[in-house]
Amino acid sequence: MNICKRKTLIALVGFACAPLAAAASGEDILTVTLPDRVVGMTITQLEALPVTEFDTTTIWTEGAQHFRGVRMVDLLDHFGVTQGQVQLTAANDYSISVPVDDFTDDGAILAYQRNGKHMTLRTKGPLWLVYPYDSSPEYQSEVIYSNSIWQLDRITMID
Amino acid sequence: MSRLSIKWTSLDTAVIRLGFLATTTGLCLIAIVYLLTDVRQKLAELASSPTDNIQWTLSQLEVEFLEFQLSVQAAQLWATTAAGASQITPSPAPTLADATQQAASDAGTDQQDAAQTRASADLTKALAYVRKRYDILYSRLDTLAHAQLYSQALLNPVLDGAFAELDRKIKDFAPDIDSPDSALIGRLAPIQRALIPLRPDLRYILSFSNLEFVSQADMARLDVAQVLKGLAWVSSVLLAALTALVILFRSLAQVAKKRLQQNLATSARLETIFNTSRDAILLFDPRGRLRNANRTAEEMFQLGSGEIDGLPAGTFLRREGSSGLLGVSGADLFQACNAGPRTGYRLIGRARTGSSFPVELSMDVSNREGVAMLVCVVRDISHQVASEAELTASRDQALAGERAKARFLGVISHEMRTPLNGILGTIDLMAEGDSPTESATYLNVVRTSAQTLLDLVNDVLDITQIEGSDVVIHPAPFDLDQLLNDIMASERPRARTQGNRLQRSGANTLGWVNGDATRVRQVLLNLVSNAVKFTSNGTVTIEAQRTNDIMTLAIHDTGIGMTDAECERIFDDFVRLDGAIALQIQGTGLGLGISRRIATAMGGDISVRSRVGHGTTFQVRLPLPVAHAIPTAVATDHAEDNIAPPQRILLVEDNPTNRFVARRMLERDGHSVTEAENGKRGVELSQMSHYDIILMDVSMPVMDGIEATAAIRAAPGPCQHSRIIALTAHVGDDVTERLRAAGLDDVIAKPIRVRILRRLLTEASTGMTGGRMSTRFDT
Chain Y
1 MNICKRKTLI ALVGFACAPL AAAASGEDIL TVTLPDRVVG MTITQLEALP
51 VTEFDTTTIW TEGAQHFRGV RMVDLLDHFG VTQGQVQLTA ANDYSISVPV
101 DDFTDDGAIL AYQRNGKHMT LRTKGPLWLV YPYDSSPEYQ SEVIYSNSIW
151 QLDRITMID
Chain B
1 MSRLSIKWTS LDTAVIRLGF LATTTGLCLI AIVYLLTDVR QKLAELASSP
51 TDNIQWTLSQ LEVEFLEFQL SVQAAQLWAT TAAGASQITP SPAPTLADAT
101 QQAASDAGTD QQDAAQTRAS ADLTKALAYV RKRYDILYSR LDTLAHAQLY
151 SQALLNPVLD GAFAELDRKI KDFAPDIDSP DSALIGRLAP IQRALIPLRP
201 DLRYILSFSN LEFVSQADMA RLDVAQVLKG LAWVSSVLLA ALTALVILFR
251 SLAQVAKKRL QQNLATSARL ETIFNTSRDA ILLFDPRGRL RNANRTAEEM
301 FQLGSGEIDG LPAGTFLRRE GSSGLLGVSG ADLFQACNAG PRTGYRLIGR
351 ARTGSSFPVE LSMDVSNREG VAMLVCVVRD ISHQVASEAE LTASRDQALA
401 GERAKARFLG VISHEMRTPL NGILGTIDLM AEGDSPTESA TYLNVVRTSA
451 QTLLDLVNDV LDITQIEGSD VVIHPAPFDL DQLLNDIMAS ERPRARTQGN
501 RLQRSGANTL GWVNGDATRV RQVLLNLVSN AVKFTSNGTV TIEAQRTNDI
551 MTLAIHDTGI GMTDAECERI FDDFVRLDGA IALQIQGTGL GLGISRRIAT
601 AMGGDISVRS RVGHGTTFQV RLPLPVAHAI PTAVATDHAE DNIAPPQRIL
651 LVEDNPTNRF VARRMLERDG HSVTEAENGK RGVELSQMSH YDIILMDVSM
701 PVMDGIEATA AIRAAPGPCQ HSRIIALTAH VGDDVTERLR AAGLDDVIAK
751 PIRVRILRRL LTEASTGMTG GRMSTRFDT
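Protein sequences appear in the order of chains Y and B. Heads up: the first sequence begins at 1 in my numbering, then just goes up one per residue. Heads up: the second sequence begins at 1 in my numbering, then just goes up one per residue.
Be a bit skeptical, because a hint or two may be false.
[Unchecked claim] Computed list of lysine-lysine pairs in BS3-like fashion (alpha-carbon distance at most 30 Å, straight line):
id, chain 1, residue 1, chain 2, residue 2
1, B, 405, Y, 117
2, B, 750, Y, 117
3, Y, 117, B, 171
4, B, 405, B, 42
5, B, 229, B, 42
6, B, 229, B, 258
7, B, 171, B, 125
[What the hints assert, rightly or not] Some chain Y residues judged to face chain B by a derived CB distance under 8 Å, without partners named:
id, residue
8, 79
9, 82
10, 142
[Unchecked claim] Sample of chain B residues with no beta-carbon within 10 Å of chain Y, all distances over it, derived:
id, residue
11, 44
12, 51
13, 136
14, 147
15, 149
16, 192
17, 334
18, 474
19, 499
Hints were generated in silico from the structure; no laboratory data involved. The structure displayed is predicted, hence computed values, not measured ones. Even for Gly, the Cβ is constructed at its ideal location relative to N, Cα and C.
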């Protein structure tokens, strides 16, 4: 990550976080770095993608949570990504790398709403990679938990 | 037996052990299944982790805290720099994160205006960064406080609310953080001051939580270890139980094998006993079907080995029923054994060939394995039954003999008493000697009476001979017409006395036939004599008819007749009918019995037809084939009254009366007689002088006639070749044979009659001794 980008990001985040309210719909909340370009995505753009909703408990919250977001496969499909690795990075620079093939049709979503509200940085926003943990013991492993990255703001596609 | 019972006991113990081990194995298996479920659950727990990386998450709290603290310090620095652009103040100690900015600010001191603007922009960025780090820290605290996994450890009472305190204090910064930049700048220093003392607390909280989680993980591991250990224990017990089971099964198998061998040996022995038994052994099922039979049974009932199974008992075991022989049913046999083992049960056995034989059964019901089977031991008692029958028959015979003897004695004593009465009475009259003229009458009475007695004795003798052995028949051609005429001639005087007419009818000329003339005469004479005796003022007719070789001779009379019952008894011995007794007709009751036996012996028979008051017809059928006439010299026997020339006679006789009678008879005819009272004396006398004739009694004391004759014939002496004539009361062909063999020339049966004696002496003196050896006795 270069300094220039980081400065932009800090400014952007700082502006966005000025009030406690959700980020304005006009600002990019996600930066997608493709091999040939960098795309910024606003909440509106994300919400325009096919919506997926489900209820699940998580080990970090109390009680069942309702998540609304875009399925990772749909997002990748949107960018025409079919192979390689996906690097997801959080606001605190926590980063993970997941092979494209690991995202399935009933797997992780990129959630932008929890219990009907947009998420702020204080409530693990703006984006949270959530798996349907309750649907299968498959989604109850430490790897999945480690992949469940919150405060996500950057995605990089690697061939 | 005791060995066997020990084996049984050991087997029982083994079975108990087996049960115990099987139970143990079952319990072990249940425990293992339970533990395996537990293990699977634990494995599932391990497979799906309830936690993320705890240590990482916890350490992140400290990282975020420090990041926030650093961002606050950096913002303070930029604030100081911005303020220093108007009044020069020493900059605070640079921090790591602000190295770049510090260098930039150092470079920019020369151009104050530009620096002023740049510092202000940097301060804004730094403040934004503070806000971001605060939000991240805030989120982290929120997560730890709300995630159940962490809150349990962090809100532990031991920490005495340290985390809650920390959480609260940090979240208290939120109004300052959220305030505008100008206000936030003023709050940076107090925040920084507040953060410094929180650091040790944070450290303490995290260390404690870390230990807590480590011990939790340890416990989980121990838990799994505990379950696995239990599993290992139960598995060991199971293994031990299975091993014990294997050992027990082996020993059981050995015991069973040994028992099998014993059973085989026992059954082989039983099989041998079964098959070598002399009695038939049968095995029936409750329906009375044969299930097994031994070899003796196959032979006894002549069964093929293939047809034994399922054969109904009734086909070869029968009983006497009201309508002949009935088959025995299985129910009959089982019922006979109701009160336990049954012996001496008699039935009739029936072989396949149809022959029947008496059998005796010993049987019992065997209740092995809930199925009642009837075991029958069958013995063929044909021999036993036969000997029983024989015994009964001989007893009956003995009784009949007793009865016959009693009847015989009764008849004989009566029939002897009558003529004896005549003799003794007449002798008394003669002894009185009233008048000599009457003595002729008296003598006639005595002779008749004596003759009756002799007849009686002859009859008895005849019946004895016939009873003792078969009647010997000597067939020879004879003139039947002549024989009938002789009989009629001999019976005519008696017929005349009774006022009867004796006549012949039918064919007048029967001619010569082949048969035993003596026996035919005996039979016919008896019948004619009876007819004459039982008829008064009537007619006796002899009728002869020939059919091929069979001659039928019927004797009709018009006498008193008999009832049918009497007709049946008439041929029995010693039977005298009431009519005969009432009419004072003499007889022994033997004549008809003798006649029938003789007729039967000749191949013929005698039958009788009679009506009371109308008469009787006896019919004799005899095979008398036609024969050629044999010309014979006219019998010269009629020169019976010729008296032989005087002879020297030695009379050997032990009885003085007989000696006296014989001496008188001989002396009257002019012979000289020397007496000897026994055989020994006779031999001595014969050695001393010559005698023409020796009359030798047979039964004598000291030396009997046979011995004496042998002695005379053996030793050379004057009488070695003299004629020796036996005098005997024993009569019969065999006696004659024996005497002849002993060297005797002729036999005279007692009583001695003058007529016979004279004839013999005449024959001896005239040399008519041509080997003719027969008993001379008068009938």
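*Hint consistency between residue 171/B and residue 125/B [alpha-carbon to alpha-carbon, up to 30 Å]*: 22 Å, holds
*Is it true that the CA of residue 229/B sits at most 30 Å from the CA of residue 42/B?*
Distance ~14 Å between residue 229/B and residue 42/B Cα, so the pair holds.
*asked:* Next pair to validate is residue 405/B with residue 42/B; report whether the Cα-Cα distance is within 30 Å.
replied: Given that 30 Å is the threshold and the Cα spacing comes to 122 Å, the pair is violated.
*Would residue 51/B pass as off the interface with chain Y, using Cβ distances and a cut of 10 Å?*
7 Å, violated
*Measuring Cβ to Cβ, find out whether residue 474/B lies farther than 10 Å from everything in chain Y.*
The assertion about residue 474/B holds, with a minimum of 137 Å to chain Y.
*Holds or violated: is the Cβ of residue 79/Y closer than 8 Å to a Cβ in chain B?*
Given a least distance of 27 Å, the restraint on residue 79/Y is violated.
_Against the 30 Å threshold, does the CA-CA distance of residue 405/B and residue 117/Y hold or violate the hint?_
152 Å, violated
*Hey, residue 117/Y versus residue 171/B, does the alpha-carbon distance stay inside 30 Å?*
21 Å, holds
*asked:* Checking a non-interface call: every C-beta of chain Y should be farther than 10 Å from the C-beta of residue 334/B. Is that right?
replied: 75 Å, holds
*Beyond 10 Å from chain Y, beta-carbon-wise, is residue 147/B?*
4 Å, violated
*Taking the shortest Cβ-to-Cβ distance between residue 44/B and chain Y, state whether it exceeds 10 Å.*
About 7 Å separates residue 44/B from the closest Cβ of chain Y, which leaves it inside 10 Å; violated.
_Is the claim that residue 149/B lies outside the interface with chain Y correct, judged by CB distances over 10 Å?_
6 Å, violated
In summary, the numbered hints that this structure violates are 1, 2, 4, 6, 8, 9, 11, 12, 13, 14, 15.
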